[in-house]
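Can you make the complete structure from the sequences, with help from the hints?
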Amino acid sequence: MSTDISLSPPPRRPLFGLVDVNNFYVSCERAFNPRLANVPVVVLSNNDGCAVARSNEVKALGIKMGAPWFQMKTLARQHGIVALSSNYALYGDMSNRVMSILRGFSPDIEVYSIDESFLRVETVAHLHGGAGAMGHAMRQRIRQWTSLPVCAGFGGSKTLAKFANHLAKKNPLFDGVCDLAALSAAERQHWMEKYAVSEVWGVGHRLAARLQSIGIRSVFDLASAHHPLIRRSFGVLLERTVAELQCTPCLDLEDLADPKQQIMVSRSFGSMVQDVAQLGEAVAWHIDRAAEKLRAQRSVAAAVYVFLQTNRFRPADPQHNPGMLVPLSDPSDDTRVLTQTALHGLRQIHRCDCWYKKCGVMLLELTLKRQRQETLFDEPVARAPSSQLMTAVDAINRVWGRGTLRTGAAGMSSRSEMHAQHRSPRYTTRWDELPVAR
DNA sequence: TCTGGGGTCCTAGGACCC
DNA sequence: TCTGGGGTCCTAGGACCC
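Residue 183 in our numbering sits at position 183 of the first sequence; the count goes up by one each step and never skips.
One or more hints might be untrue.
To be verified - Calculated cross-link-like contacts (lysine-lysine; reagent style DSS-like; alpha-carbon spacing at most 25 Å): (1) Lys59 / Lys73; (2) Lys169 / Lys194; (3) Lys369 / Lys293; (4) Lys293 / Lys260; (5) Lys59 / Lys260.
Stated by the list, open to error - Each pair of labels, with its calculated beta carbon distance range: (6) Asn33 / Asn96: 14 to 24 Å; (7) Thr123 / Phe70: 48 to 58 Å; (8) Ser271 / His227: 45 to 55 Å; (9) Met99 / Ala437: 21 to 31 Å; (10) Asn33 / His79: 37 to 47 Å.
Rather than coming from a laboratory, the hints here were simulated on the basis of the structure. Note that CB positions come from ideal geometry on N, CA and C, so glycine has one too.
Structure follows, in structure tokens:
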């Protein structure tokens with residue numbers, strides 16, 4: 001019988017996990033269409049512009065992330081590449097399913113992007129017999145419940161978990177799960193020497209080039225770098241990354257409730273636009289969307305930025321990429337106020353002789369609605385109808401679909417300017433698009 | 001013909017103040 | 001004749017991420 005009567009367990013070292021879905025958009029498409037298995041598949045961005053997700057077969061053909069679709073059509077024909085338009089309704093729903101499964105493993109979770117989450121696991125890993133075994137259990141359950149393939153990486157910091165995940169994905173011997181904390185120091189060094197410094201989370205292509213010029217080439221080189229030198233030459237961000245690689249966690253999971261500090265909505269046009277009325281409709285449409293996001297996080301905006309872009313891939317055309325920041329005297333979440341503000345800005349910046357390829361809006365200087373400063377001339381009672389109207393608009397659009405109810409400025413025509421020729425059905429979010437078993 | 005969309009954070013430098 | 005030095009705030013731009 002144990003005589004240990006200590007009341008609290010010894011503190012455990014932090015252990016972070018990173019779980020992500022392999023080739024997420026492609027895997028979602030394959031989940032509902034078995035014919036896509038083992039054939040090269042790409043998913044295209046809005047307007048069917050660029051490749052934003054690639055199956056392994058497509059990666060093997062050398063097609064890069066972000067490659068323009070029109071440039072690879074010949075290659076696509078030769079190899080039978082299947083191209084799909086992006087289907088964000090489907091991907092968003094599948095993402096929610098994966099994240100709720102992960103919440104069943106650890107309550108400490110940060111949904112980092114549509115296809116990946118960080119987790120704190122030091123308090124729960126022992127329930128599964130260690131982080132590695134837990135990673136395999138996650139893989140198995142997600143596979144069984146959603147049919148999506150995931151990889152899991154574990155380490156003593158977020159940066160190490162990221163790197164572990166990369167190892168799990170690239171090396172079959174890990175079978176999709178890598179726990180760096182369970183490897184020996186010599187093994188860790190072996191893997192860190194094997195990968196270029198550009199694989200480190202937080203090192204983009206510019207930093208990688210500068211690091212290489214001073215002899216820091218591998219992940220291990222960076223992990224062994226001299227702190228003050230890194231701080232002096234590259235700033236605090238990279239210094240923090242070095243500490244994280246040395247297993248000193250500097251970044252914790254982030255609070256999911258943090259509201260956004262800015263909200264942006266922009267789109268390229270299917271074809272170029274010159275007419276200011278048409279530009280105005282697009283701007284108003286974007287404001288509709290942005291204001292909806294703004295209200296969803298219960299904030300108000302104190303400024304609106306509106307911008308236009310001509311086609312930079314046609315340098316012979318007149319280029320004009322103006323933008324204007326328009327402050328609001330009274331911060332607002334009312335679509336009508338924000339639309340008027342944005343259209344005022346648009347009229348100032350637009351030039352009649354230019355063809356525009358893209359326009360967008362940003363809502364800035366956001367604050368929580370309940371923390372709003374009252375102005376001298378405020379009449380809180382006068383705000384109530386606006387608030388009720390916006391609540392009703394959002395409720396109707398939630399039920400009947402985005403854009404069902406919108407401002408007149410956003411136009412009467414349905415959104416047909418965008419190209420999306422190869423979109424799959426919204427299998428999981430529309431009754432009339434449910435998959436049918438025969 | 002055709003080239004995505006959305007975020008965050010840090011730093012340098014100028015304006016301004018005392 | 002001689003023209004300082006330190007601090008804050010703001011903004012634009014750059015770097016990174018997915």
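Broken hints, numbered, in rising order? Failing hints, ascending: 5, 10.
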